[in-house]
Amino acid sequence: MTGITRQPMKAPFCMAVGLATLSLLVAPNSVPLLAAEDTAIRFRAVDVYVDSKEKPLAAYQLELSAKEGRAKIVGIEGGEHPAFKEPPFYDPKAMQQDRVIIAAFSTLPANKLPKNKTRVATIHVQSIGDRQPEFALKVETAGTVGGKKIKVQARFEERKVE
Amino acid sequence: MNSAQPNRPDEEPHAPAELVKALKSMHRARIFVPPSVDEAVLAKAREHLAESTSTPGTRSIRAALAKARAYLAEFNPMPFAWRPLAPWAALAASLAIGAWLAHTLTKPASNADGGAAFAREGLNHDGKVDILDALVLAREIEQGQEPGAQLDLNGDGVIDRRDAEVIAKQAVNLEKGGRA
Amino acid sequence: MEDPTDIHSAPDSRSDQELVAAVNRGEVAAFGALYLRYRDWVVNLAFRVTGDRDLALDVLQETFLYFQKKFPGFRLTARLQTFLYPAVRNLSIAARNQAQRLHSDESALENIEAAPDPMAPGSARCELAAALAALSDDHREILLLRFVDDLSLAEIATALDIPLGTVKSRLHNALETLRHDERTRNFFSR
Chain G
5 MTGITRQPMK APFCMAVGLA TLSLLVAPNS VPLLAAEDTA IRFRAVDVYV
55 DSKEKPLAAY QLELSAKEGR AKIVGIEGGE HPAFKEPPFY DPKAMQQDRV
105 IIAAFSTLPA NKLPKNKTRV ATIHVQSIGD RQPEFALKVE TAGTVGGKKI
155 KVQARFEERK VE
Chain L
4 MNSAQPNRPD EEPHAPAELV KALKSMHRAR IFVPPSVDEA VLAKAREHLA
54 ESTSTPGTRS IRAALAKARA YLAEFNPMPF AWRPLAPWAA LAASLAIGAW
104 LAHTLTKPAS NADGGAAFAR EGLNHDGKVD ILDALVLARE IEQGQEPGAQ
154 LDLNGDGVID RRDAEVIAKQ AVNLEKGGRA
Chain U
7 MEDPTDIHSA PDSRSDQELV AAVNRGEVAA FGALYLRYRD WVVNLAFRVT
57 GDRDLALDVL QETFLYFQKK FPGFRLTARL QTFLYPAVRN LSIAARNQAQ
107 RLHSDESALE NIEAAPDPMA PGSARCELAA ALAALSDDHR EILLLRFVDD
157 LSLAEIATAL DIPLGTVKSR LHNALETLRH DERTRNFFSR
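Top line first, the protein sequences correspond to chains G, L and U. Just so we're aligned, residue 5 is where the first sequence starts under this note's numbering, counting upward by one. Just so we're aligned, residue 4 is where the second sequence starts under this note's numbering, counting upward by one. Just so we're aligned, residue 7 is where the third sequence starts under this note's numbering, counting upward by one.
Simulated from the structure, these hints should not be mistaken for laboratory data. Cβ atoms here follow ideal geometry from the backbone N, Cα and C, with glycine treated the same way. Watch out, some of these pointers could steer you wrong.
When the alpha-carbon atoms are kept at most 16 Å apart in a straight line, the in silico EDC-like pairs for lysine to aspartate or glutamate are as follows [to be verified]:
| hint | chain 1 | residue 1 | chain 2 | residue 2 |
| --- | --- | --- | --- | --- |
| 1 | L | K27 | U | D156 |
| 2 | G | K152 | L | E143 |
| 3 | L | K27 | U | D46 |
| 4 | U | K76 | L | E50 |
| 5 | G | K97 | L | E178 |
| 6 | L | K47 | G | D102 |
| 7 | U | K76 | L | E54 |
| 8 | L | K27 | U | E133 |
Ranges of calculated distance between the beta carbons of each label pair, as one might list FRET restraints [to be verified]:
| hint | chain 1 | residue 1 | chain 2 | residue 2 | range |
| --- | --- | --- | --- | --- | --- |
| 9 | U | G79 | L | N157 | 27 to 33 Å |
| 10 | U | A135 | L | F35 | 21 to 27 Å |
| 11 | U | C132 | G | P86 | 45 to 51 Å |
| 12 | U | D46 | L | L177 | 28 to 34 Å |
| 13 | U | S158 | G | V143 | 53 to 59 Å |
| 14 | G | A140 | U | A27 | 44 to 50 Å |
| 15 | L | F35 | G | P86 | 23 to 29 Å |
| 16 | G | G133 | L | F35 | 23 to 29 Å |
| 17 | L | S28 | U | S195 | 15 to 21 Å |
Using the sequences and the hints, build the whole thing.
Take a look at the structure:
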């Protein structure tokens, strides 16, 4: 065609981008490809501990969030003590996000509840990219038998999944 | 078939049993799938299916809309000049039918007032709904106390541990941040 | 906490089609049954292509995420394996390619190499692996689908979207190549 100036390198590139975009638009059910930035995927487990300082721990509510790096929560397990062996309550929407609130309660008598540092849950996280996510753990509340609030210390430890 | 003989192209190709055994053994590298991965997959599925599966009320609305559309498509007594208005009339009729069905079929929320009061105060009257409220209710139930009827939070007519679990689920709700 | 998807209960004996119909009705447990039935196959196939456990686990999740989005309204006309195979393969290839791009960026500095082959050099298993590696991708893929994954020829044709005749021909050629390969000829003379 006359009167049109073409830049040789741009035209094929634009066509390729256009075709790629068109194929994504017309094939909504096509197999999803991993996003370009989803690389170096690793699984790690975050063990969450609560120390109730000699008081029987009957309930806890904690928030774990990833502050830096990219992480997705992919699973939650219960803890080591029989009182908190079952997976805690959590919002299913937390799956595949970087923040979760976990909570559990036990109506066991005081002599059957943990009184010192105990692992209450393990949160499995999928980290994406080279940057390791940094986590933050916040105690929202904790209680002893009868629902009375108590002060507890919470901490977490990361380990790579075997 | 003698596996030592070459396969004929028109037959289904067979491989010697030993080769098949070796291939399977080689690829038997079992990858352990952590239970957390299982739970993540199933949690996503649960959420998706819960959102996308229609309720009886929704199905009835859709069926009514489909019937209305089919009726109007087959029988169009309107004068030719009015026909452009027919789709809008059909839409209005469908919406009216749908609204009536939704009103008829939707189960009224039980304990609406009680639920609001609970949300305001929680069981331990600290102004927040959190796991401690779930614990208090669960203990009351186990001890045989009779919590108020407003604490039948799942509306099943019984106050039991499941109602305590409703509180617990609300406590961990990300949108509310676990607060009332 | 109630969970309708108890994956630790006895395996569900319903067929794939019956389970799919149940999922279309909203039965979460049926989806769980399908997941359990095919989970190990998906993750092992993904590992076969990617060679990386973490990538395989990610492909597993992406595959079932892709699958769940088909509901409601999905109709299964073959075994689920046949339906899932292209998804697993494509996701695995994409994952492997992206991981390789990342490693190739780093390898200039660290010269990262693939994990060492755990097979003893010279062992029959090692020789078989070498012979398989020498096959073309198409031939190897069909050979493994038929004799490791136990798909029928018709299922392979559906999974790969190629004619049945092509499947037969490629499988025939793969076996003939192995028959004449020094490293695997003994399998055919026993």
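Hint by hint, here is what the structure shows:
no., hint, result
1, L:K27 <-> U:D156, "holds, 10 Å"
2, G:K152 <-> L:E143, "holds, 14 Å"
3, L:K27 <-> U:D46, "holds, 14 Å"
4, U:K76 <-> L:E50, "holds, 14 Å"
5, G:K97 <-> L:E178, "holds, 9 Å"
6, L:K47 <-> G:D102, "holds, 15 Å"
7, U:K76 <-> L:E54, "holds, 13 Å"
8, L:K27 <-> U:E133, "holds, 15 Å"
9, U:G79 <-> L:N157: 27 to 33 Å, "holds, 30 Å"
10, U:A135 <-> L:F35: 21 to 27 Å, "holds, 22 Å"
11, U:C132 <-> G:P86: 45 to 51 Å, "holds, 49 Å"
12, U:D46 <-> L:L177: 28 to 34 Å, "holds, 32 Å"
13, U:S158 <-> G:V143: 53 to 59 Å, "holds, 57 Å"
14, G:A140 <-> U:A27: 44 to 50 Å, "holds, 45 Å"
15, L:F35 <-> G:P86: 23 to 29 Å, "holds, 26 Å"
16, G:G133 <-> L:F35: 23 to 29 Å, "holds, 24 Å"
17, L:S28 <-> U:S195: 15 to 21 Å, "holds, 20 Å"
In this structure, every one of the numbered hints holds.
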